[in-house]
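Student: Numbering (my numbering), first residue to last: 36 to 290.
Do not rely on the hints blindly, as some may be mistaken.
Below 25 angstroms or equal to it, Euclidean Cα-Cα: the simulated BS3-like pairs (lysine-lysine) are [said to hold, decoys possible]:
| no. | residue 1 | residue 2 |
| --- | --- | --- |
| 1 | LYS202 | LYS274 |
| 2 | LYS230 | LYS287 |
| 3 | LYS230 | LYS202 |
| 4 | LYS144 | LYS185 |
| 5 | LYS86 | LYS157 |
| 6 | LYS230 | LYS185 |
| 7 | LYS202 | LYS237 |
| 8 | LYS242 | LYS274 |
| 9 | LYS133 | LYS144 |
| 10 | LYS149 | LYS134 |
Restraint-style ranges between C-beta atoms, simulated for each label pair [as the list claims (entries may be wrong)]:
| no. | residue 1 | residue 2 | range |
| --- | --- | --- | --- |
| 11 | ASN109 | SER136 | 23 to 31 angstroms |
| 12 | LYS162 | SER64 | 37 to 45 angstroms |
| 13 | SER48 | ASP232 | 25 to 33 angstroms |
In short, the hints are calculated from the structure, not lab data.
Model, not experiment: these values are computed from the prediction.
Each residue gets a CB set at the ideal place from its N, CA and C atoms; glycine is no exception.
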Amino acid sequence: MIDSINQFNKQGSLVSLNLSINQFDKDGSFIGKITRRTVGLNDLIGGIIKKNTGVNENIINNAAALLQLEILENLATGNAVNILNLGVLYAAPENVIKKTSAFPKLCAKFTTSKLANSTAAKLSVQKMFMSNTSPTVMSVTDFYDEVPQKGILTKLMMAEITGERLKLGGTDSGIFFAPLEPGGNPVSDEAQWTKVDDARIKRNTPKSLLFYVPDSLAVGTKYRVIVRTAFTGGGTLRKTPLSGSSEVVTVKNAA
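Take these sequences, add in the hints, and give me the full structure.
Tutor: Below, the structure is given as structure tokens:
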């Protein structure tokens, strides 16, 4: 029997990094994503059999299925599960709890272990590529006043976002109002963001989004408007949505 692995000494590989502009940081930083493929259970079992002569594929498949079932049964009872010393799977509230009278929606979360983090840290970046496929927000305009205003939006009234690659599509896409950290960037906790209801978006094109400003926004508070979409110029949906950020806007009540 193989003992529990607490240290993995194999040298990390060379990888490529795809860079995209961080629209949340106006000082010019980038978000990096490793160019990779997703390895499935069959790939893992194939690797085990190749390295270990005589190992039975059916036995490993059955063991994996039983292990998956046991993990899910424990998760369903509220237990946290250590997954092969790679991290802990657990249930937690999906968002920040704003009302104690309402039971929060729960979701599964995963915290990586020191072993997983130290193994990933052994990878070395060999090449970096620039990508410019994120939505670009050029302006956010309010149409409540007789003369349209940029940067000052009116609650419950129509506003327009103009730019490039704006068309919304895919899971988790939408228009969000993100309050700011002291440095002027959007807060990283997306539970504090306010999403525009999909039914309140009246135009959805690559260059223009027309929507009603949410009533729940705080008057006088500074926000950045975030556009998040998985829609591509070719009409397909990418696996991971990309985001673009506006300049700072504030919100007012209608007179």
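Student: Would you mind marking each hint as holding or not holding in the structure?
Tutor: Structure-based check of all given hints:
no., hint, result
1, LYS202 - LYS274, "holds (16 angstroms)"
2, LYS230 - LYS287, "holds (17 angstroms)"
3, LYS230 - LYS202, "holds (16 angstroms)"
4, LYS144 - LYS185, "violated (39 angstroms)"
5, LYS86 - LYS157, "holds (22 angstroms)"
6, LYS230 - LYS185, "holds (20 angstroms)"
7, LYS202 - LYS237, "holds (12 angstroms)"
8, LYS242 - LYS274, "holds (22 angstroms)"
9, LYS133 - LYS144, "holds (20 angstroms)"
10, LYS149 - LYS134, "violated (35 angstroms)"
11, ASN109 - SER136: 23 to 31 angstroms, "holds (30 angstroms)"
12, LYS162 - SER64: 37 to 45 angstroms, "violated (19 angstroms)"
13, SER48 - ASP232: 25 to 33 angstroms, "violated (45 angstroms)"
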